Structure formats: C-alpha cells, structure tokens
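Trainee: Residue numbers (this note's numbering), protein chains in the order written: chain G, 1066 to 1369; chain E, 1066 to 1369.
Be aware that one or more of the hints could be misleading.
The list treats identical chains as one, so a pair stands whether inside a single copy or across any two.
The calculated PhoX-like cross-link candidates involving lysine-lysine, where the alpha carbons are at most 20 angstroms apart (straight line), are [to be verified]:
#1 Lys1241 / Lys1197
#2 Lys1243 / Lys1219
#3 Lys1267 / Lys1112
#4 Lys1266 / Lys1172
#5 Lys1169 / Lys1267
#6 Lys1197 / Lys1169
#7 Lys1340 / Lys1288
#8 Lys1340 / Lys1111
#9 Lys1288 / Lys1329
#10 Lys1306 / Lys1147
#11 Lys1241 / Lys1306
#12 Lys1172 / Lys1208
#13 Lys1243 / Lys1208
Derived by calculation from the structure, the hints in this document are not laboratory data. On a predicted model such as this, the values are computed, not experimentally measured, just so you know.
There are 2 protein chains.
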Amino acid sequence: MSLSVTILGSSGALPQHGRFTSAQWIDVQGTSLLIDCGEGAQMQIKKYDISLARLDYIFISHLHGDHYLGLLGLIFTLHLQKRTRPLHIFGMQGLDEIISIQLKYSKSNLHFPLQFSCLNPHAPTLILDHEKFTVTSFPLTHKIPTCGFLIREKPKPLGIDKAKLTEKISLQAIAKFKQRQDYVTDNGELLAYKQYTLPPKKTFSYAYCSDTAWDPNIVFVIKEVDLLYHESTFLQTDIAKAEETMHSTAKQAALIAREAQVTKLLLGHFSARYKDLNELLAEAQEIFPDSALACEGNIFTLTE
Amino acid sequence: MSLSVTILGSSGALPQHGRFTSAQWIDVQGTSLLIDCGEGAQMQIKKYDISLARLDYIFISHLHGDHYLGLLGLIFTLHLQKRTRPLHIFGMQGLDEIISIQLKYSKSNLHFPLQFSCLNPHAPTLILDHEKFTVTSFPLTHKIPTCGFLIREKPKPLGIDKAKLTEKISLQAIAKFKQRQDYVTDNGELLAYKQYTLPPKKTFSYAYCSDTAWDPNIVFVIKEVDLLYHESTFLQTDIAKAEETMHSTAKQAALIAREAQVTKLLLGHFSARYKDLNELLAEAQEIFPDSALACEGNIFTLTE
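Could you build all of it, start to finish, from the sequences and the hints given here?
Mentor: Set out below in structure tokens:
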C-alpha cells in the first residue's frame, strides 16, 4: 500500500448525528500522519484499531476548536503510554502556547520531546521533506489563519527486471540500479542501470482543504492530485450561510475538483443541519462524478 | 425528583474499554450542574438525551486533562447554539487562562457571559449559595491542587396538611405556611402555620471526590451524605501504583464511606488496566455493602 486516508471525523463544528469533528489518519509508506485532531480523535483511533504509538507527525489546519480540541488528550495518552520518540506538530502560531499552558497547569513533564513548527498562512511552504514524501502547507480562506496540506510521494525506486538478472548481478548492484545508478563490478565492468530496470511504481498525492470558503487560488497548488479532500459544509441552497461562515458548498468543492483536474474528490466537514448526506453527494457528483462522502471509518487507499 | 446524578464518564486518565473520562451531570430541583468535563462530555450529554441548554454551572475539580478537556468543545457548542444565558464555571486558578487563550486564538466572541470563580484548594469553602442548595468545595490530596464538591439541598418548604384547609385559607396564607410563617387574615385573625403544615420532604446531599489519594481528612466534610462518589482507580493489590499516582483503591474508597457513615457509595475513575470492574466492586462491598459502580449512562436518583 502506498498512501491511505482513514476518516476519523466528518462533522463540522457541531458534532451531531454520531459524527465526530475533523481528524484524518494518513499512512504514507509506513509513516503515520494525523491531519487535524478534533475532540474524541483518540477514541476514534482506538475504535478503528489504529496503533497510536505509530504516529509521527500531526498537522493542525487552524485554531477553531473542532480541528484541534482532541490534541491535548492525545498527547496525554501518548505520555501515559510512555512514548519516548519525538512527536512533531505543525500548527498555526498560538497552538504552541495553547499546548504549553495546559502542560504547565497539569504539571506534565512529557516522556517524549514535542517539536513544534509554525505554519505560514501567507504562501505555499514546504514544511516536511521526508525521505519518501513531502508535505506542503498552503493558505486557505477562512475566518482565522488556516492552511491546507498537500502530501506528495517522492519518485519511487525503479523496479528490477528479474528476467535480465544473472549471477554476476550482486545485491549491491541491484540497490544501485533501483536508485537510478550504474554499477561497476570488481572486474571493472560497467553495468548500466537502464538495462536491468523497469519503470518505478506510480507516486501518489493527497490534498486536504478544510476549512475554506470558495477559493480558486488553491487550484494551482492542488492541480492533478490523486485525491482531494475539500470541505463541503453546506448545500448550494445554503450558499448565504456558507459565505457568512466562510465555508464551501458541495457544488463549490466539486467545481474546485474539476478545475484542478484531480482524480477523486472527498467531501466532508458536514453541517449539523444535514442528517442525511446524500443530497450533498448528489450535488457534487453532478459536477464531478468521482466524488465520495468521507465518513467515519472510511478508508481511501491510493495504490497501484 | 430531588437530586440525580448521571454518569457521563467513568474512566481514569486513559480512556479505554469504551469508557469516557470524568464527567457527571447533576440535576438539583430543576437546576443543572456539570462536575468535571472530560473529552467527549458533550457527545455523552447528547447520547443520553440531556439538554445541554439547561446547564447552569460547571465545576472542574483539577487541571489534569481527563477532567476538563471537553470543556472548550462544550463552550463552543453552546456558542453555536446561540446561548445567551450566563454560564458560571468554578475551577482551579489557571483554568480561566486556558479558556481565554483558546477563545482568543479562535477569535470567538461568545454570545453569552462566561463567569469564572477560582476554587480554594486549601480549605472547605462555600462556593455557591443557590436558593435551593449549596455547593461547597473542599481540598483533596492529589499531585496538583484538587477540590471535591459537596452539594447539599436546603431545607424544603413545609408540606400542607390538606385535611386542615378550609375556605378561609387563601393561597397567600398557604405560601406563608410553607415558608414557616404565620399569616394574619384581613380580619386580623392569626393563622399559625404549625396548625396547617406537615414536615418538609427530606433534603439530600451528594459528595464528589476525584481525584484523591487516601485522605481521611475529608471525612468530616462528607459526613453522612446520602451519596458519595469516591474515585477508586485501583484494586488494593495495586496499592503501590495508587500511592505513586496519588489515587485511591476501591478498598480505601469503601473505608472512607464507612468512616463517613454515608448512605451509598459510587465507585469510578477506573484504571485502563481493568476491563472487568466486578473485582473493584466486590472489594468495596466487602467493607461497604451499599457500593455501586458508576458507569456511563447510569443515573442515581435521590428522592423520597
């Protein structure tokens, strides 16, 4: 598996109809990320049998409570579980203060280092350059500073054409070939990697856009991603409410998906006013057929 | 109904086995109180069909996350529900700062006044003198400043002995009698309330003690309450762990209940290490037979 997204919460600000506030668990080639961490996220992680201990990075889009109020509970649980590995949190300026003050009053000396990086709400910014993928934050349009996140896998190793392998091809040579490097044998013979390799597996990309008003400026950042999560808090009939609260409608999410030529669109951050979500889905599918509801427990996997 | 306690969370610091962290909804003669507000409390309130809008007062025992991390979510939800009535929160020094900083960064101008009163962690203190009941905070023994709460109904109006009523007894006279006052009729006749009244209904009391190490000093405060909630995080076999973490065992909770001559004991704040709680119950009942587990959704009612 290459990249997978598990939905932990699909609700807008008011948790209703059994829905939880925003949180998504992402696995990218063995590394685990959490995007947003609404109240109860740690319980959802447990419910879906995910190992919290595997978590490496947390990204918090903005400082509205429905996107981060589960964070301290999760941190305290990792502490009680005796985590020692560092945990890296990316969030808006102020989140570090919110965390620190609560650690202070609870007199918690965490067993693990908590690293904090401030997001730049003004321009797309590479915030994580991992061996296997990158994460870029980019500004969204909301009532307070808010960032979306783009996860992009790095080019993968070349495949090895096993039919071409002979005894003289050592494991060291194969390792070089995968990295697009030729290999010189002990006898001085040059083995060109192109002769022994197949094209690499496809790299995938995922973009998370929540919360945001209609904002076509994000299209150039999320262009042609494989999977786009775009908030769709309201139906188009409630466009006035969407504009007032700086959220999007399902139609607007679909228009962004179409304009950005993404492969698949996920809808989420549903207003409490809709118990049945099918109308939201239908509205999006009319414009962008490959749309889906991103509901609690759903797993969306990108793999060849 | 006189006084009722609905358990919203029975878990110790680590929410496990489907249990939620500490929170209890109390109704006292039409007034609604919340004691502690662990993560997910607002979802539990909804689950048990309680009207959040009815909430009048919140009491937070101490600043460990499992006792207050649901507070901000609940406040934001009341804000989104357009509450305008004041909400009064009692908590340890620092909680006001924790609330303020989060309101600041989310740029939330609440639609309702939030009143905050600091608890005194050093001595029993009358913190709320309501028309129908009082709330007294008192120090517990824990790693950080912590208070328990004692809710005591005020003497109730006298009953009216309907057999004694005649036409000359006006509604105004009856209202006076209930308040232990005589009444003078327009003709100057003195009607002595004692002639027309029955004893008042019983007044009830409830004490909440969590979190705390074994502390016999609390006995004089909670003496003879009708219902005592005393944390029982551990079994007596784990007494070392209880002492290290400044929590109590089920046996210790029962000893306190017996010493204080309370009517009924509720056990809660269970460690994640116990999936089955019957051993904790049995341990307490051996010393104090009228002990019960205080689990999610349980309602304990005090009424005549």
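Trainee: Indicate, hint by hint, whether the structure satisfies it.
Mentor: Right, here's what the structure says about each hint:
In the homo-oligomer, the alpha carbons of Lys1241 and Lys1197 lie at most 20 angstroms apart inside one protomer (17 angstroms), although the nearest pairing across protomers, at 81 angstroms, exceeds that limit. When the C-alpha separation of Lys1243 and Lys1219 is checked against a cutoff of 20 angstroms, the pair qualifies only within one copy, where the shortest distance is 14 angstroms, while the shortest distance between copies is 80 angstroms. Proximity of Lys1267 to Lys1112 under the C-alpha cut-off of 20 angstroms is found in neither arrangement, the shortest distances being 31 angstroms within a copy and 45 angstroms between copies. In the homo-oligomer, the alpha carbons of Lys1266 and Lys1172 never lie at most 20 angstroms apart, since the shortest distance is 48 angstroms inside one protomer and 45 angstroms across protomers.
Taking identical chains as interchangeable, the C-alpha atoms of Lys1169 and Lys1267 are never at most 20 angstroms apart, the minima being 46 angstroms within one chain and 44 angstroms between chains. Taking the closest pair of Cα atoms, Lys1197 and Lys1169 never come within 20 angstroms of each other, the shortest separation being 36 angstroms inside a single copy and 37 angstroms across copies. Proximity of Lys1340 to Lys1288 under the C-alpha cut-off of 20 angstroms is found in neither arrangement, the shortest distances being 32 angstroms within a copy and 49 angstroms between copies. Within a single copy, Lys1340 and Lys1111 get their C-alpha atoms only as close as 25 angstroms, which misses the 20 angstroms cut-off; across copies the closest is 15 angstroms, which meets it.
Proximity of Lys1288 and Lys1329 under a CA criterion of 20 angstroms is satisfied intra-copy only: 12 angstroms inside one chain copy versus 64 angstroms between copies. Taking the shortest alpha-carbon separations for Lys1306 and Lys1147, only the inter-copy value of 15 angstroms comes in at or below 20 angstroms, while the best intra-copy value is 45 angstroms. Taking the shortest Cα distances, Lys1241 and Lys1306 never come within 20 angstroms of each other, neither inside one copy (57 angstroms) nor across copies (53 angstroms). With identical chains, the CA atoms of Lys1172 and Lys1208 are at most 20 angstroms apart between copies only, with a shortest distance of 8 angstroms across copies and 33 angstroms within one.
When the C-alpha separation of Lys1243 and Lys1208 is checked against a cutoff of 20 angstroms, the pair qualifies neither within a copy, at 47 angstroms, nor between copies, at 55 angstroms.
Consistency note: the structure conflicts with the earlier hints numbered 3, 4, 5, 6, 7, 11 and 13.
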